[in-house]
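Its first residue numbered 0, the sequence shown is counted upward by one per residue in numbering that gives the first Met the number 0.
The hints are simulated quantities; they were obtained by calculation from the structure and are not laboratory data. Among these hints, one or two may not hold up.
[Said to hold, decoys possible] Dumping the calculated DSS-like pairs for lysine-lysine here, alpha-carbon to alpha-carbon at most 30 Å:
#1 Lys124 x Lys50
#2 Lys124 x Lys89
#3 Lys50 x Lys101
#4 Lys124 x Lys143
#5 Lys143 x Lys50
#6 Lys89 x Lys107
#7 Lys107 x Lys20
#8 Lys107 x Lys124
#9 Lys107 x Lys143
#10 Lys138 x Lys89
#11 Lys143 x Lys89
#12 Lys107 x Lys50
#13 Lys124 x Lys101
#14 Lys138 x Lys101
#15 Lys50 x Lys20
#16 Lys50 x Lys89
#17 Lys101 x Lys143
#18 Lys124 x Lys138
#19 Lys50 x Lys138
#20 Lys107 x Lys138
#21 Lys20 x Lys138
#22 Lys20 x Lys124
Only a predicted model underlies this, so the values are computations on that prediction, with no experimental measurement involved.
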Amino acid sequence: MEDDGGESSSFVVGIIENRAKEVGLAAFDLRSASLHLSQYIETSSSYQNTKTLLHFYDPIVIILPPNKLASNCSSAVTELVDRFYGSVRKVVLARGCFDDTKGAILIKNLAAKEPSALGLDTYYKQYYLCLAAAAATLKWILAKIQVLALNRSPRKLQALERHMNWNEAKAGI
């Protein structure tokens with residue numbers, strides 16, 4: 000993503016999908032240490048929602064699970080990344096790194112002044128894919144780039160229509 004200063008993107012994006020064409024996406028901005036979460040159902044065979052978000056974030060790294068969902072079925076998201084984002088660094092992490100419970104814990108620990116204000120105890124089962132993508136993305140960032148988001152880091156919430164979001168009151172900001 001180019002901004003007014005001509006600087007290149009600083010986003011690392013993790014993506015995972017399930018067999019029902021539901022996609023979880025986590026985009027971490029290395030400059031601002033902000034995490035953007037989206038979970039949605041792809042309504043078109045062209046995966047237009049995912050293309051739009053990837054175009055918006057213009058990631059420098061895309062993190063994916065291994066590309067096999069079933070014995071002879073390639074992941075549509077992996078195919079999309081290979082086809083349209085071949086020049087972007089692609090990192091494949093074991094499916095076990097995409098752990099929604101670990102993602103919820105990381106977000107609770109890093110994002111809120113008062114962790115219970117996030118409401119993750121109630122909503123994490125509904126948004127398991129974006130939390131799983133967040134877990135893998137944060138794990139890779141902490142291990143490879145050695146960027147650390149600390150408790151009470153600056154945070155900004157952005158709502159995307161029909162995507163998971165937390166309002167400022169719920170997040171305790």
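Hint by hint, here is what the structure shows:
1. Lys124 x Lys50: It holds: about 25 Å lies between the C-alpha atoms, which stays within 30 Å.
2. Lys124 x Lys89: Roughly 27 Å separates the two Cα atoms, so the pair holds.
3. Lys50 x Lys101: 27 Å, holds
4. Lys124 x Lys143: 28 Å, holds
5. Lys143 x Lys50: 26 Å, holds
6. Lys89 x Lys107: Holds, at about 27 Å.
7. Lys107 x Lys20: 27 Å, holds
8. Lys107 x Lys124: 15 Å, holds
9. Lys107 x Lys143: Satisfied, since the Cα-Cα distance of roughly 22 Å is no more than 30 Å.
10. Lys138 x Lys89: Holds - the C-alpha atoms of Lys89 and Lys138 are around 15 Å apart, at most 30 Å.
11. Lys143 x Lys89: Holds. Lys143 to Lys89 sits at ~13 Å (cutoff 30 Å).
12. Lys107 x Lys50: 29 Å, holds
13. Lys124 x Lys101: 12 Å, holds
14. Lys138 x Lys101: The hint holds at about 10 Å.
15. Lys50 x Lys20: 14 Å, holds
16. Lys50 x Lys89: Holds - the C-alpha atoms of Lys89 and Lys50 are around 15 Å apart, at most 30 Å.
17. Lys101 x Lys143: Roughly 18 Å separates the two Cα atoms, so the pair holds.
18. Lys124 x Lys138: 20 Å, holds
19. Lys50 x Lys138: It holds: about 24 Å lies between the C-alpha atoms, which stays within 30 Å.
20. Lys107 x Lys138: Distance ~15 Å between Lys107 and Lys138 Cα, so the pair holds.
21. Lys20 x Lys138: 24 Å, holds
22. Lys20 x Lys124: 17 Å, holds
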